[in-house]
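> What follows is each chain in one-letter form.
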Amino acid sequence: MILHHFPGGIHPHDEKELTAHLPIEDAPIPSRVFIPLSQHIGPPAEPIVKPGDPVRVGDKIAEARGFVSANIHASVTGTVRAIRPYPHASGRLAPAIEIESEGEDQVYVPTKDRQDPLSLPPQTLIPFIREAGIVGMGGATFPTHVKLSPPEDKSIHTLIINGVECEPYLTADHRLMLEHTRDIIEGIMYIRYILNASFSFVAIEINKPDAIRMMQNNISDPHIRVISLPKRYPQGAEKQLIKTILGQEVPSGGGLPMDVGAVVQNVGTTFAIYEAIRWGKPLIERITTVTGRGIKTPKNLRVRIGTPVRDIIALCGGWKEVPGKLILGGPMMGINQYDDAVPVTKGTSGVLLLPREEVGEYHPHTCVRCGRCVTVCPMGLLPNFLGVFSEHARFADAERLHLLDCIECGSCTYVCPAKRPLVQMIRYAKGEVLRRRKKVARQ
Amino acid sequence: MKETLILSSSPHIKSPETIPSIMFQVCLALLPAVFVGIYSFGARAAWIILLSILSTLFFEAAAQKIMGRPIAIRDGSACVTAILLALNLPPTVPWWLVVIGSFFAIIIGKQIYGGLGHNPFNPALVGRVVLLISFPAQMTLWAFPSHPLFSTVTDTLSGATPLGWAKTHLITHGAIPATLPFNIQQLFIGQTGGCIGEISALALLIGAGYLLWRKIIPWIIPVSFIATTFFITGVFWMINPHQYLNPVYHLFSGGLLLGAFFMATDMVTNPVTNLGMLLFGIGCGLLTAVIRLFGGYPEGVSFAILLMNATTPLLDRWTRPRVFGEVSNS
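Read top to bottom, the protein sequences are chains A and B.
Mapping the first sequence onto the numbering used here, position 85 (from 1) lands on 222, and the numbers just tick up by one.
Mapping the second sequence onto the numbering used here, position 41 (from 1) lands on 31, and the numbers just tick up by one.
Everything labelled a hint here was simulated from the structure, so no lab data went into it.
Since the model is a prediction, treat every value here as computed from it, not as a measurement.
Idealized CB from N, CA, C, for every residue including glycine.
There may be inaccurate statements among the hints.
[To be verified] Sample of chain A residues facing chain B (criterion: CB under 7 Å; computed from the structure):
1. Tyr245
2. Gln385
3. Val387
4. Leu393
5. Gly461
6. Pro492
7. Thr503
8. Cys504
9. Gly508
10. Val511
11. Met516
12. Asp542
13. Gly547
14. Thr550
15. Pro554
[Unchecked claim] Once the Cα atoms are required to be at most 25 Å apart in a straight line, the calculated PhoX-like pairs of lysine-lysine come out as:
16. Lys368/A x Lys205/B
17. Lys457/A x Lys4/B
18. Lys55/B x Lys153/A
[To be verified] Some chain A residues flagged as far from chain B (calculated, every beta-carbon gap over 10 Å):
19. Arg202
20. Gln260
21. Ser286
22. Asp290
23. Pro346
24. Pro367
25. Met470
With the hints as extra help, turn the sequences into a complete structure.
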């Protein structure tokens, strides 16, 4: 199959050797979980429990508010202690439901056993996904039932399962593909059935040869193809992935994958969809990679949503060296945390600990116009000029240079020899532009 | 928590490349040319290079001190400018010319605009062209490689570069000489007259190869620059070989290789887009060929690059790459 080339990209060392060989372990049930009401794009969920209420693992505790939102479920059995602002992965305080767990064996017991979901009408499967509170688990956390309900006029011909995992360090998707191969394939069947997509691809970067083999060996359906992709960040970004496989570009200025007839689902999400449809299981846990040279024992863990990162760090032996950065997600797009009380959410693909000695301190220089950022930008933007416009508050000029098309992959900042915080300045400018637009809309 | 966590926004890893590391590698890549220069022209060349570095660093530091900016001579950019300036001077220049050149390169060519990153023109070339226009006598007093190895070169030719000699002959006799004073092999190795750093194509190509391999410089500019000059001089040579030098001779003589690989590629002063770089290179090549073929000066690389430096902002504006997913309006 001919692969197409997206522009730009970088080749940071992938650092996956720390955890790629480690089987997924079940983390013990935490004594307390803090489940944020906002773990998805869209309005936060509405709590339907109150302090003092007993809950069982898998119970719905907060309901999606509106269509683009997601349900939240209890990840442990215990008692609701509070609904209060709590440190959140976004860096702010956000309301979370605190549950004190009973600490006993709390295996989730399937509520359903749907032997043959493909005998049901396709549209009837979407409520199962919606009910389970599934969101994009690659990190974007867009509610999955919305993604699987394209408008009538958009026909989807291609489903792409994203097992690229191009962020350095992370191996959660890699391990999932190795250990739950058949379940993921079953999940692909369901999604394909819902979308009525003719073609399905499983995209995996070449640095996971065992996962590629495993998927290939287990797929019997000739309409599902495993594609091994060259290693290049951000290969796993949705638009870049579609371009690579279909040769088509999602239109600039707010276009969506469905505009080119494609839907992309992360392998973690696909597995969650399988569990929701087959067993009626809500999204109460996820695989996350605890890694970095700051942690004593790196692991791939299955953790309950709402588990404080502090517990996970302790479980992995604690900090090995002087703490530097605590990051939820990968090193390229992950969010830096100031408090290790922050809980794991549906989008937490990794817990990355960088020791102090690996955290550089940078003094940005004036742009020297080397053009490296232009070369690596996977969206064909001019990050150097966008950065300068942002510095000078020339937001209209930045918008003319397609500021809002930036996917914030961070490749520009990564390569900049002048150590300019390019993507950071672009993010700031994007925020300003969107804020002004809202203001204009209100007037 | 006992220890404080460091906070910053993603990405959390960065490539090890820095401005000083780039500048250091450019200096490294110039070393072969520096060695050939010193080997061929002796201690005088070493003295010029050293003086250029010292005075350039002095002016850089002084300017930054006066302007109340941090002293940044350790970023290596002034050192690159200094070496390039020295390599672009004839080995006979008096010492004060070197100082004047570095003054113009650093103060007028760079610091006046705000320092590294803000200068529209290549500082070393600003310095060189000021000297070339203001002190034409000193700047065109050539010497031949004095090393015994090169003693086969006849003295009757002393006082000219290959290009200068051909041009003079063309003006006085109406044609270029039937037999050229240097063969291609001599030009390639560096057994010829010229500026300290431009004589050996081989030394320059070794350095250029290193920079291309390390991806310090883009290949587009030198390739399009050299190819354009080669093509245009080639066309004219085919039209009238009695009046025009052959393109291979053009390629290996004068400052073409030094300019194309080390000065047109100055990242601050060339475009950031691929198409912009291509047009920039073609423009440099075109102007170089036109000046060499029809101009009053025998050599035109410096003027060509400086003129194209002026077009850089326009080229950047005209050649904005197509944004991913952008539907073309044309």
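> Does Asp542/A hold up as a contact with chain B if the rule is Cβ-Cβ below 7 Å?
At about 6 Å, which falls below the 7 Å cut-off, the nearest Cβ of chain B leaves the hint on Asp542/A intact, so it holds.
> Have a go at the Gly461/A hint: is there a Cβ in chain B nearer than 7 Å to its own Cβ?
Since the shortest Cβ distance to chain B is 5 Å, the answer is holds.
> Minimum Cβ distance from Gly508/A to chain B below 7 Å?
holds, 4 Å
> Can the hint on Val511/A be confirmed by a CB-to-CB distance to chain B that is less than 7 Å?
holds, 5 Å
> Can we trust that Met470/A is non-interface, i.e. its beta-carbon lies farther than 10 Å from all of chain B?
violated, 5 Å
> Does the nearest C-beta of chain B fall within a distance shorter than 7 Å of the C-beta of Met516/A?
holds, 4 Å
> Hint validation: Val387/A versus chain B, beta carbon distance must be below 7 Å. Holds or violated?
holds, 5 Å
> Can Thr550/A be said to touch chain B, with a Cβ gap under 7 Å?
holds, 5 Å
> Let me know if the C-beta of Thr503/A comes in closer than 7 Å to any C-beta of chain B, holds or violated.
It holds, given that the least Cβ distance between Thr503/A and chain B is near 4 Å, below 7 Å.
> Between Lys368/A and Lys205/B, does the CA-CA distance stay at or below 25 Å?
Holds, because 19 Å separates the two Cα atoms, which is no more than 25 Å.
> Would the hint on Pro492/A stand, with a C-beta cut-off of 7 Å toward chain B?
violated, 11 Å
> Given Gly547/A was flagged as interface, is its beta-carbon under 7 Å from a beta-carbon of chain B?
holds, 3 Å
Of the numbered hints listed earlier, those contradicted by the structure are 1, 2, 4, 6, 18, 25.
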